[in-house]
Structure formats: C-alpha cells, structure tokens
Amino acid sequence: MHPVVRLVAQRIALGLLLLIAASVLIFVGTNILPGDVAQAILGQQATPTALANLRAQMGLDQPYYIRYLHWLFAAMHGDLGKSLANGQDIATEIQGRLANTLFLAGVSAAIIAPMSIILGLISALYEGRWPDKVLSGITLAWVSLPEFLLGYILIYFLAVEYPIAPSVSTVYDSMGFWAKLHAIILPVMVLVMVSVGHTMRMTRAAILNVMQSAYIETAELKGLRPFRVILMHAFPNAISPIVNVLMVDLAYLVVGVVVTEVVFVYPGMGQYLVDHVAKRDVPVVQAVGLIFAAVYIGLNMVADVVSILANPRLRHPK
Amino acid sequence: MSDELAYLAARAARGLMSRRAFMGRAAAVGATAAMADTLLGTAARAAGPKNGGTLKMGLGGGESTNSLDPALDASQVPFMYMGTMGNTLVTVSPTGEAVGELATGWESTPDAVTWTFKIRKGVEFHNGKTMTPDDVLKTIQRHSDKKSKSGAFGILQSIKEMKVDGDNFVVTLKSANADLPYLMADYHLVIQPNGGLDKPDAGIFTGAYKLKSFEPGVRIEMEKFKNYWDPNVGHFDTVVMLVINDSTARNAALQSGQVDMVNSVEPRVADLLKRAPHVTVDASAGRGFYCFNMFCNTAPFDNNDLRMALKLAIDREELVKKILAGYGSVGNDTPINKSYPMFEPMPQRSYDPEKAKFHFKKSGYSGDILLRTADAAFSGAVDATSLFQQSAKKAGINITIKREPNDGYWSSVWNKEPFSASYWGGRPTQDQMFSTAYLSTSDWNDTRFKNPKFDKLVLDARGELDKAKRKEMYHEANMLLRDEGGLINPMFNNFINAYRSDRVAGWHDNPNQDMMNGKAAVLCWQA
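Chains as they are written, first to last, in our numbering: chain A, 1129 to 1446; chain B, 1291 to 1817.
By construction, these hints were calculated from the structure, which means they are not laboratory data.
Treat the hints with care, as some may be off.
Unchecked claim - Here are the computed lysine-lysine pairs in the DSS-like style, where the Cα-Cα straight-line distance is at most 25 Å:
(1) 1308(A) x 1502(B)
(2) 1746(B) x 1464(B)
(3) 1210(A) x 1489(B)
(4) 1612(B) x 1628(B)
(5) 1210(A) x 1436(B)
(6) 1436(B) x 1489(B)
(7) 1706(B) x 1740(B)
(8) 1436(B) x 1453(B)
(9) 1407(A) x 1439(B)
(10) 1407(A) x 1489(B)
(11) 1407(A) x 1706(B)
(12) 1439(B) x 1210(A)
(13) 1683(B) x 1651(B)
(14) 1436(B) x 1407(A)
(15) 1437(B) x 1407(A)
(16) 1210(A) x 1437(B)
Isolated chain B, as found in the complex (with noise of 0.2 Å):
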C-alpha cells in the first residue's frame, strides 16, 4: 500500500475529503476498487465512530407471532431487536468473558452459592423512569414464574433465594454455580420497568435505541435513546429491522442497496455474495453444531460399539466442505469447541471405514439402521444425511433415510425418535450446555445419554472455583461424552452475515450469536 493511499484514506475518513473524490484519487495511483474501499473502512475505523444517519438491517427469522414481550423470545428477530433496545444484567465478550452490562460488577462466596451484583446507578428507562435494584429483582422474578412461559424459566430453577440489598441485587443458588453471570447473560433477562408486570409487552427498555413502530414479522423502528447510559455506542439516529425471510430476497436487498446488513447467509452463496461490489461477508466461528444424535437407551443404539461404529463412518472433512462450503470446522462428537471458556484440546476423530466396520461387527447387530432427517433440522441437513449415508455404505453399515415433513419436525421428530438430524445453538459456557441437554435430569436430553459419572463431573466443576481444576474435570467430562455419548457432531457451523462497507463500520467478530450477538446496530456506525 502506497504512503499516499494511506493519507487520501485517513483524509476521507475524517470528513476532509469525499468518498467520491477518494475513490477517484485511489483509481488513479492504481489500486483497484475493492482494495480502495476495505483500505476507507480500516481508515473509518481509525478514527472512530461518526454519529448519525439510519441503519437498515434485512433479517432472517421473524414472524408476525413476535412479540416484545422478552419472555416469549424464540427466534432470531426478536432475539435481535431486544439486543437494540434493551440491557440484561450481564453480557458475554467475543473473548467468551462475562462482562457487566447493567450490572458493574459481580461477586460471591467462596462456595460460590450467594452472589451479589452491583446494579448500575443513572440508567434511564424509555419512558424517563430511573432503573432501580428492584426493577432488576422483579424482572428476575417474572422469569422465575412459570406462568411468564419464559425461555429463561428453566436455568432460572437453580435459584433459592433473591433479594435487594441497597445497591445490590443478591441471589442465592440451591447449590453452587461459578457460572451464575453467565445465566444472567440470557437474551430473554431483559430489564424492564417493574420486571415487565405491568404491561410484559410494553417495549420500555433500558437500551441505545427505543422503540418507534413494531410491526411483528414486518418491519421493527427504533430510534436513538438521547439519554443512554453508555455515551460511546448507539451512533445511528434511526435503526430499521425489515424482515426477510427469503434468503434469495435478503441478498438480493442487500446487493441492491435497500438494506445495509444481513443475516444468516447461506454457505453456498457466500463465495457469491463476497464479489458482489462494496459487500462484506464476515463468518464468525462459532458454538453452534449440525448434528444426529442417537438415543442411547433405545435398541439398536444402546449399544456403544454401534454408537463408535457410526461415529468413525461419517466423513467429517467432506461435511465441512459440502455442506457449510468451507464455513465451518469438523467436530468432535461434543457439544464442546474452542470457542467455549476452558477448553482442553481432544484427539479429533476422523473417518475410518475400516475401524467402523470392526465396532459394527463386534456390536453383533447387522440390520438397516434408520436415520430421520428434514431440512428444517438445519439447512443441508438432507444432503448432510445423504452423504452420511454413502460414507457408511463402505464401512458396511447400511443407513435407510426417512425424509420428514419440515413443519412439526421439532415436536413429532426430534426428541422422540431414536435417531434424526438436528442442531444446537450452543450456550456461553459448558455448564450450561451439558445442562440443557447431557445430564440425565436434563429436559431436552436428546441423546438419552445417562452417565452418573459424566455427571457427577459437571455438578462438582459447577461449584469448583479453582479454574486449573475445573478444567481438567470439562476434559474428563468431554472425554465421556465423545467416546461414550448418543451425539455424532460431525460439524460446527459459522455465523454468516454481510454488510455494505460503503455504508457501515465498526464490525467486530463475535462467536456468541448471530449479527455481532445480537448488538451490530449499537456497536457499529455509519462510514
């Protein structure tokens, strides 16, 4: 890069010069467009965010079931516009920590069973009330309450006890948890005035943006919140959320200008996307997985060797590469990557016909093995079962697919049947992912997997402080899960979204959700 290149951008970015102009002066000392325009965006970034001007977002996964009640959040859209709009208590970093959002700081007991947050002093709901500790403990409250039906009701069940104390929000656990901050992290945790009692789908919130129109499933504006607690974020004056479902619809608005950011973009199309002029396609590696997962008390799976037998027959490499084009890493037969805090590397399983066909063998069972699959599992997920299919036949194990409907697939399929494709979005931290689904008291056990062992390690690392220990004990615990689980996690997938780099900057990676977790519209400016 050319000293003077590097000067016209720094000029452009601070305003002294147009985009227009420098384009041109940058065509001119010969570099080409695409290199003009990521150079503007380091630049832009440089020197810091510029306030003002509108964001339009096209985003996946909304319906006109939506609600702004936080409790009954379930997809992506009202996960995102929650994230524009309101705070929780705690929020997780790109760096997998937890960081205080309404709450400044954190501590416990040494056993780690009563933990006080110090609750944030000046914030300011939308309708001009200040946030107290109370508001807090109420929200918490309604959570906790099953009649709320929130998606936060079941990791809430861990809590005896809560209380204001002065400035402080305390809670007291059942046992102890060295994770609690990060189960205060849960997108559904959103503080609202009086813990949303009042009126839960009122839209008060305590965020960078408030609400201006909401139309569920449609079109969602907010507009900048003047008195925010956090002066450095929130640069827009004007934020829109359409909803496009369609993924074709997304990209198309998105090359043709009428939206600024996507989500959820498709592997295959990714390649596509990025030549598009002025697109940017950023995919963040991270906790989510494309999996089939086998019950392990049902017959023919309640065998191990069965169970090893599959796992060594499936291709991981050739997943990665068809299914996610690349977007995405092999598993190993944990819900666990690299992503997560505290992670021991595994020896990586790979595909070996040769191995499968002796644990097939020694397992004595020699029928078809029936496999449930549809693309509402995850996206390829049929493709996915066809290849997996084809890698089995020459290990000798015969695999016959059952293609099921997309619509009820989640509540006739999955979770019911012995063996199916299906996906998890993965959580902040371990605990909470063998939790939700690989203890034998968890509700959603889909691998019927129960191991006293597996869980008596995750229970005691629940409690154990001392990291260097708890490690080792999420190591034993990942060690029994891949070589003695129900789950075959050939892949993690990679969040893709896009954006025009003419018109937005400040992008950050982050593994924890879609669209910078949720927070792209209060992170990033205008370029």
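Chain A extracted, bound-state conformation (with noise of 0.2 Å):
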C-alpha cells in the first residue's frame, strides 16, 4: 500500500477511535451529574413511584453500558431523542441551529483564511519594517480585546451612530441569502478581528523559518524576486502549521463562539445549547457535545491529513 494512503487511513481511524472516547466522556460526565433525567422531567412531583415508572418507561433502569449503546447506537442512526424541555425532536431542531452555525463560521472562514494568509506573507516580505510592525500592532489589539466588547464597539459606531450595518444579526427560514449575509456583516467582522491575529501571526513565523533554509538562499542568490521566493520556494514548506492553526480557528468558529452570538442575537448552536443546559436538558447537552466533539475531532483530522500530503517526503517515497 501506499505510504501515504496507509498515514491517511491511521489517521482517520484514530480521529474515529477519538471520537468514540470523547462519547464516552460526555455520557458519563452528563451521567455523574446529580439527579437523573426522570427526576429532571418530574421535578417537584416527583414521588418514588413515578420516578421508578418512568425510569423504567425510559430504559434508565438498565446499567450503564447498555445504556450508551443504546444511545450511541440511535445517535449514529441520527437519532438524538427528545428535548425534555419542550418536548422536540433534537435532531430536527439542531439541523437549523447547525446551518446557522456553518453559515457564519463559514462566512468568516472565507476572509479569514485568505486575509490571513496574505497579511501573513507581507508580514514576512517586510520583516522588522513599517508594514510589519503596523500589522502586527493592530491584529493583536484585535485578539487582545474581548469578543463582546469589539462586538459593542462595532454596534456603537456602525450600527447607532452611523448606521450601515444591523445589530441585531437574527436570521430565519423566510430570508434570502443576500439579506442573511448583511444581517451578519458585524458578527463576521469581530470573528474575523479575533481569529486573524494568529494565523496571521503563524503564517509569519512558519515562513520566516523556512526563510533561514539553504534552498532559499540558492533561490535569493539565483536572484529571484524576493516575492517570488516566498511564495513558491518557501509557503509550499510553511503550509503545515499554517492548515493546523487554521483548522484550530476554525473549530473555534464552530464551537466557541456563543458569546458573539449572544451580543448579536444570533441563533447559532452556542446560544441553543446554553439555553438547554440552563433547563438541565440533559439529551441535548449529549447531542450538541457529541456534534462539537465530532466538528473537533473532525477538523483536526483534515490538519494531519493536509500536512501529510505537504510533505514531500511521503508524496514521493524513495
């Protein structure tokens, strides 16, 4: 077998091997948790008879394992059971929750990777001067300054003061695409000021490694032009570190960014799952960990794979 389809393979039976440990975990960290669903269900009217019934109704009387197979199985089959505090069926109220959530990782993804990329290699093009320095001075005041308050300035000046963008970001069925994408004109722009900083920054620093290489030199002394140096000599070796930060931002758009959702109003997974967890839902915190665990797992793996078919070394086997 190929070397590199052998990597590939091991690398996505691990992701998969992760995935099924992190299940594990969030089962048994929503199972330690005090109480049990049908006390949670019940609440104050719960007398001993009613809990042992509806136990039994809800197979909780069974033991652990036989449980998590159980759910395990159904969740694979797409299954994710019923929200105890409305009664829904979860799978069917996270499908537009999980678009919305895509819909503006997505969005930002799209600026953020090349944006990134391109502040990344001027960075590197003008190492130590004025382009440099300016960048880096600013992407980091981005990062530095928290979330909700880059996301309050922005209401301040673009949405009350001088109003060109909404700043209330809410999207339903009944809208169209262009008006869903200038509803969220302001949680893209805090995503992206936060996001840039690092892989701007990690674009810069793989590069300029590279840079210190023999074969750029014999590039530079068979004079080409510094640019040219860069991006065809240089970030086709930088491009590793630079898809793993990525795919970190980018699992982080996903997962982690229920505050922006919150000052913007935008109904994303983040803002579902706290509203949930707040009534002690416990099928939904299962189901939504299980997808933020996969979207993880998921976006880490697509890193180790891009990496290896980066590597020469293994595209090419001796």
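Put the complex together from the two separate chains, hints included.
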C-alpha cells in the first residue's frame, strides 16, 4: 500500500477512535451530574413510584454500558432523542441551528483564510519594517480585546452612530441569502478580527522559519524576486503549520462563539446549548456535545491529512 | 406651546402633512426636535388610532425551550406572545380592577362561593371555530389537572366543581373567595379550542393576532386576525417579537431603529437611553419588589428582635437611589404597596442604626450573620447586599456575604437557605400575594412565616364581601407581617420599557406587568 494512503487511513481510524472516547466522556459526564433525567422531568412532582415508572419507561433502570450502547447506536442513526424541556425532536431542532452556525463560521472562514495568509506573507516579506509592525500591532490589539467588547464597539459605531449594518443578526428561514449575509456583517467582522491575528502570525513565523533554509538562499542567489521566493519556495513548505492553526480557528468558529451569538442575537448552536443547559436538558447537552466533539476531531483530522499530503517526502517515497 | 405648533401637529397627526414637513415647520417656529416629537405623539393620540404597519419588539426573557402551550409559560416572552395571541376570561385594568375579556360579566352568590361568568358571544378562534362556554370549561379543567404541569395549577386548587350552564360558566369553590375573578386573569389561563386537550401547543387562540411563524428563543411573527371580536384594538398588520436577551444589544437595536419597543431596561442605563433621539422611556410603578428573606423558624432568625434589628439596619432610600437609579420606591417589609386594591397606608420604616443596635442587643445574638446572594436574585443584588452590609455595620451588626452561582440559585439557595436575596413579581390582589408566599400553608412560604392570627385574617378577608371591613382586615394583616414577618422588603422596582415615539403611539402605563401587562402590541398603533 502507498505510505500516504496508509498514513491517512491511520489518521482517520484514530479520529474515529477519539470520537468514541469523547462520546464515552460526554455520556459519563452528563450521567454523574446529581439527579437523573427522570427526576429532571418530574421536578417537584417526583414521587418514588412515578420515578420508578418513568425510569423503566425510559430504560434508565438498565446498567450504564447498555444505556450507553443504546444511545450511541441511536445517535449513529441520526436519532438524538427528544428534548426534555419542550418535547421536540432534537435532531430536527439542531439542524436549523447547526446550519446557522456553519453559515456564520463559513462566511468568516472564507474571509479569515485568504486575509490572514496574505497579511502573513506581507509581514514576512517586510519583516521588522513598518508594514510588519503595523500589521502585527493592529491584529494583536484585535486579539487582545474580548469579543463582546469588540461587538459592542462595532454596534456603537456601525449600527447606532453610522447605521450601515444591523445590530441584531437574527436570521430566519424565510430570509433570502443576501438578506442573511447583510444581517451577519457585524458578527463576521468580530470573528475575523479576533481570529485573523493567530493565523497571520503563524503564517509569518512559519515562513520566516523556512526562510533560514539553504534552498531559500540558493533561490535568492539565483536572483529570484523576494515575493516569488516566498510564494513558490517558502510557502509550500510552511503549509502544514498554517493549516493546523487555521483548523483550530475554524473549530473555534463552530464551537466557541456563544458570546458573539449572544451580543448579536444570532440563533446558533452556542445559544441553543446554553438555553438547554439552564433547563438541565441532558439529552440536548449530550447531542450538542457529540456534534462539537465531531467537529473538533474532524477538523483536526483534516489538518493532519493536509500536512501529510503537503509533505513531499511522504508523497514521493524512495 | 404656540397655537401654530399645535395646529401643525394636529394636521400632521391626521396625515394632512408629512412628518418630515412638520418637523421642519416646528423647527422654524423655534421648537426643539424633542419637543416637536412629544407634541406630535400627543396629537396622534388625540387623532385616534391608525391601522396598518409592522411592530417590531425586542424582548428579553425568552429561551429556545419556550412552548406554545400556555400552561408551560414561565418567562417574559411567552407571557407576551400569549397576551398578544390569546385572551383570558378576565383581565386586570391599569387601575387594578378585574374587567371582562372573554367573560362579559360575572356575579356570585352572597357567600362568594358560587360564581357565574357570562361568556362572550360571537368570538372566533384562529382556526375559524366559534368559541363556546365548553371551551372555557375544558381550558380551566386542563389547567386544574396536575398532568398539564400548568403554572396555574396551584391557584385552581380552591375550585370544587365547574360546569357549563347555557351561556354561562359556573364555578363552585371549596371556600369563599371574593377575588375569584382575579384568579381567572392568570396569564396561563388562555382559552383554547376544546381547552387545548387535543394539542396543547397548537397555537390556536382567540386573540387580536394569529401565529405566522414560531421559532422559540429567536423570533415569533404574528399577523392581524381579521375576525377579532374587539375591532377597536389590534391595529398593526404584523407583529414581530425578536428575542434579545442581552440588554446592551436590546438597547442598541432600539437606538438603531431595528426594533420599535424593548422591555427590561436596566435602571442604570434608563437615563442614558432617554437622551437618544425619538426614544421614550416609560417606568410604571408596579407590585414587584426586591427583597431579603429570613426563615422565621431557623436560628438566629427565629428571634423577632433580631429580625427587627436587620429590618432597621437597611438603608432603603440609598438602595432605591443606587440600585434602582431612582426607578422605584421604598418598601415597608410587606409585599403590598399602593398599587394593590384595598391598600391602607402604614407608617414607613426607615434606616435607624441606633434602634437596630438596641434590638440586636436585646436578641442576645452576637455572632456574624450569613447572607447569601447572586445577581440571579435581581439585577444589582450583589451590590445591594454589599450596601446592606455597610449600613448594618454602623448598627454593630456584622453581615458576611456568600456569593452563590447564578445557575441553580432558585433550586438550591432560594427557599432552602435561611437568609438570602430574592424577588417577587407581585400578584394582582393582596389575597393572591399572601396565599402564594405568606400563609402557613403556602407552597412558596420563603420566609417560613407561620402566624395563626395572620392566616385567620387573610382567610376571613377572602370571604368578606364588605369592602370597608375587608380593607381593615388587610391593614391589620400587613402590620403583622411588617412587624413580625421574615421579609425585609427595602424596595419596589418599576417596570422600565422603552419605545420609539416616531414609530409607536398609544402607550399607557400599566402597573400589572411588563409591556402594558403584555398587551402593548394589541393596544398601541403606528405613529
């Protein structure tokens, strides 16, 4: 078997194993919380008989590992159970929220990736000179400000004082694509501002690192222009760390933007999770936890695979 | 105000002159924009309601767990969409009287045990079905059943029997209650076809607006119901409720004009918001209060001198000024204030460190006092607790503060720990407030106040139809609670709402609840 195929298959198998381990952690974590689902449903009306009946009905009287297998089996078939708080099917409810989250993350990532790589290349090219200093100063300032503060600042200037974008980013089904895009201008700006710094600096560092190599010196001595040296000779060898940090940023855009969602009233997964945690809605917490784990592991897997493929030593074995 | 301005305003209000032209002419005769705006608002009210347009409300207090089943209402947003789409039998007027909504009138037997409600005719549900007294019966029956998990389950326990009698709905109580109509005004008791037994969350009601789209915790859209029984209300074509739980985001949405109305304005920003152009901030004095609860049956709070010492050691004026930014009034250690019917003024208790010291010494207790708090109790509770600690220190009382997590405060601290910060939203009548939390038998007796004399006064007053006598009994009960109870009530908070006066007209105060008792969308119109 080609070593690349073997390595990629290994990575994917490892990712799946990790996902199963995460599902065990989520299941155990939500089960060691005081009280069980039956108690949560019945609340103050929890008499011992009612509790026993409901537990039997929900299969809560079975041993842990059986319940875990049942849950995992159902989840793999797309059945995430029913919400305790409002009795709705979780999979259907999550669909809309997940689509919103992916939309916001996707639009942000479409700006972050090219922007941070180009800015990183520029910084590397002008290392130590004013464009480098200005860029790193501005992006560092953005990263250092908490997201909610950035959000409020943008709302104040761009929605209240000079109203060019809406301060409330609620999107709903009957909205067209462009209307949705218009609604999320400000949250996308916040997410770009807080993320672009990482990737840009990582790009810059990775390229400068490669620039120390002998083959770059050769290229320079051949008389190539600096930008061409960076783009054609340094960048391909710096891809793997850049993709890694990009994937971490992407994962953050999917699982970690609850504060931005709250400030801009965006109906994504974070807000959904927080509402249900407040109601002790265990099945929803498990389902969302599983999806977040899958996103995180999946994106890291992509990063690994890309760095394997980007490595010429692996692509062209002797 | 010049006559010319008034004339112009009236013309603008009738649509004979554009709003823009009016503002320009007003400026020409020397009026400020704010003044011209107010003037136009007043003139619009005088000209009468205008139909059409869309109302956008930005509301705090909604979650993705909200349901269309009225029985499960527990927060602000469901309260408001139910009020907009549905009707109860009775509602409470801004002046505190019970007035009919789906009931056109009622009478009781002289002993106040059997009540007959006359049901309004010609009322149509949103699905086209005509409402019958049977629908009313089924609705109340469903909420009286524990299985419905209704928030109104508790208050319906006093009902012995219900039946339909021709066009009437007849209720027989276990014991006399002169306030029964007020119980029927509970916001859970929205009348549904067949009582909602077929599908509790079908979203079919009798209100001025019907459901168009429902995304819990995000957005609720409603449209005018053409066949509503009262043609004088429900002026907008469309009403949109956006759930905005973050208060800064809510205010920004109002300022930028994305919404026309917001609820729950924080007292400390109310004055700032007022300065924004076209924004009117409205504070209604209500029945809600922010308080500290002591368990009367747990040491050291089982000693009335100690309770009295703590009541005297709190600086009420300071709390109203600093925590409520003046948007409230001082409390008097009972849950009742002048917003309640049959209220009789009582001597006001005030901050007196000397007297507090005296009572504290007399109680024989000398240790520290542990007070639990969290901002979940009320907005500013942690600050209020610190102010209480400082004022008590001057009376020689040492309060130690334990800050609890917001999450789980209502299940593990409130009504569980002997001294903690809390709040109540108030109830329409004194009897309901006392029955909810201060009778020995109350489920939510969060001060463990068990006083046979107080119980007797409240229960006797419940069946007393002579108003003067009843008022006297309530006064006595309130004095008992004030002087012996476990409630430290330093302040009543106001409901603070804000709206854009260039978009919305017809606003009036209502002390019952937020947003004109949840009816802002029904009663207001486009400016």
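Against the structure, the hints come out as follows:
1. 1308(A) x 1502(B): The hint holds at about 20 Å.
2. 1746(B) x 1464(B): Given pair residue 1746(B), residue 1464(B) holds - Cα atoms ~16 Å apart, limit 25 Å.
3. 1210(A) x 1489(B): 18 Å, holds
4. 1612(B) x 1628(B): 22 Å, holds
5. 1210(A) x 1436(B): Satisfied, since the Cα-Cα distance of roughly 22 Å is no more than 25 Å.
6. 1436(B) x 1489(B): 17 Å, holds
7. 1706(B) x 1740(B): At roughly 16 Å apart (the allowed maximum being 25 Å), residue 1740(B) and residue 1706(B) satisfy the hint.
8. 1436(B) x 1453(B): 19 Å, holds
9. 1407(A) x 1439(B): 15 Å, holds
10. 1407(A) x 1489(B): 23 Å, holds
11. 1407(A) x 1706(B): 19 Å, holds
12. 1439(B) x 1210(A): Roughly 18 Å between the alpha carbons, so the hint for residue 1439(B) and residue 1210(A) holds.
13. 1683(B) x 1651(B): Cα-Cα ~14 Å, so holds.
14. 1436(B) x 1407(A): 20 Å, holds
15. 1437(B) x 1407(A): 19 Å, holds
16. 1210(A) x 1437(B): 19 Å, holds
Comparing the model with each numbered hint stated earlier shows that all of them hold.
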